[in-house]
Amino acid sequence: MPGETMPATSWNMSSPSEYGFYSNVNPTVSHPRWSQARERRIGDFLKRKTLEFNGYAEQVAPLYAGMDLAKNF
Amino acid sequence: MRTLKPAVFALCLTPLAWLVWQAAAGGLGANPIEAVNRFLGDWALRFLLITLSVTPLRDATGWAGWVRLRRMLGLFAFAYAFLHVASYVGLDQFFAWPEIWADIVKRRYITVGLLVFTALAVLAATSPKAIIKRLGGRRWKKLHTLAYMAGVGAVFHYFMMIKADLLLPSVHAAVLAALLGWRLAGRLKRQGKNTAARRKIQTV
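Residue numbers (the numbering used here), protein chains in the order written: chain A, 1 to 73; chain B, 74 to 277.
Hints listed in this document are in silico derivations from the structure and should not be mistaken for laboratory results.
Listed next, the in silico DSSO-like pairs over lysine-lysine satisfying Cα-Cα at most 30 Å (straight line):
id	chain 1	residue 1	chain 2	residue 2
1	B	Lys215	B	Lys202
2	B	Lys206	B	Lys78
3	A	Lys49	B	Lys179
4	B	Lys266	B	Lys215
5	B	Lys262	B	Lys214
6	A	Lys71	B	Lys179
7	B	Lys214	B	Lys202
8	B	Lys236	A	Lys71
9	A	Lys47	B	Lys179
10	B	Lys78	B	Lys202
11	B	Lys214	B	Lys266
12	B	Lys236	A	Lys47
13	B	Lys262	B	Lys215
14	A	Lys49	B	Lys236
15	B	Lys78	B	Lys214
16	B	Lys78	B	Lys215
Keep in mind it's a predicted model, so treat the numbers as computed, not measured.
Looking at chain A on its own, in the form it has when it is part of the complex (with noise of 0.2 Å):
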């Protein structure tokens, strides 16, 4: 049955260590090599902080509530 089991995700095929299901970019989480508190925009110099879900925390942080996103990533 669909829903069952969890599908496969690219990133998280390619290299599971590094990406979890979601592959969601965290800014108070590292990813294992790097910091994902910043971001260059695309024409942009300076980085800026990247916004937790991407600025869309009041729309979907609800749906990640109760889990700990440094494990569920």
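Go by the hints and put chain B onto chain A.
This is chain B only, laid out in the frame that chain A set:
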């Protein structure tokens, strides 16, 4: 040598000239800062490999003149490495020292990269003739085997930062392995000859 050296010097500048040209023409893609940084790192490693190929080249061709290009090639490796580090500090991080420090401490490929750069800086600083004289040829030669470690470290640094496609780091690693393998084979051969000679003496 009088024409060869300046010609090689000019040739060594062509990657940099290409980069400046592309940057001015907007040909570096969507993330030009990353492109600049990667390009400079690639060429630092390539010049290190070119420098390490001088000795095998001399042995293979029997022309000793190659060695007279070695210091210049090595200094180009250092120059490209310096620009690589400068582009990381000044372009990518824009002098965000706390972030840079966190990178050095936490990200192992950055730690390795910094160690390699330090080694190249030591090699560059001890490259003038006066310093070779002061150190003495033997000690200088020993110190400059650091170049092998720098090569190994640089290849590791490359492998560790790549996300998915390991082809290019593998190619560079294979070239390095061949260059260091050549030296190892030569050393083993000499050792074999020495022990054979010693045995001969003993039996006589």
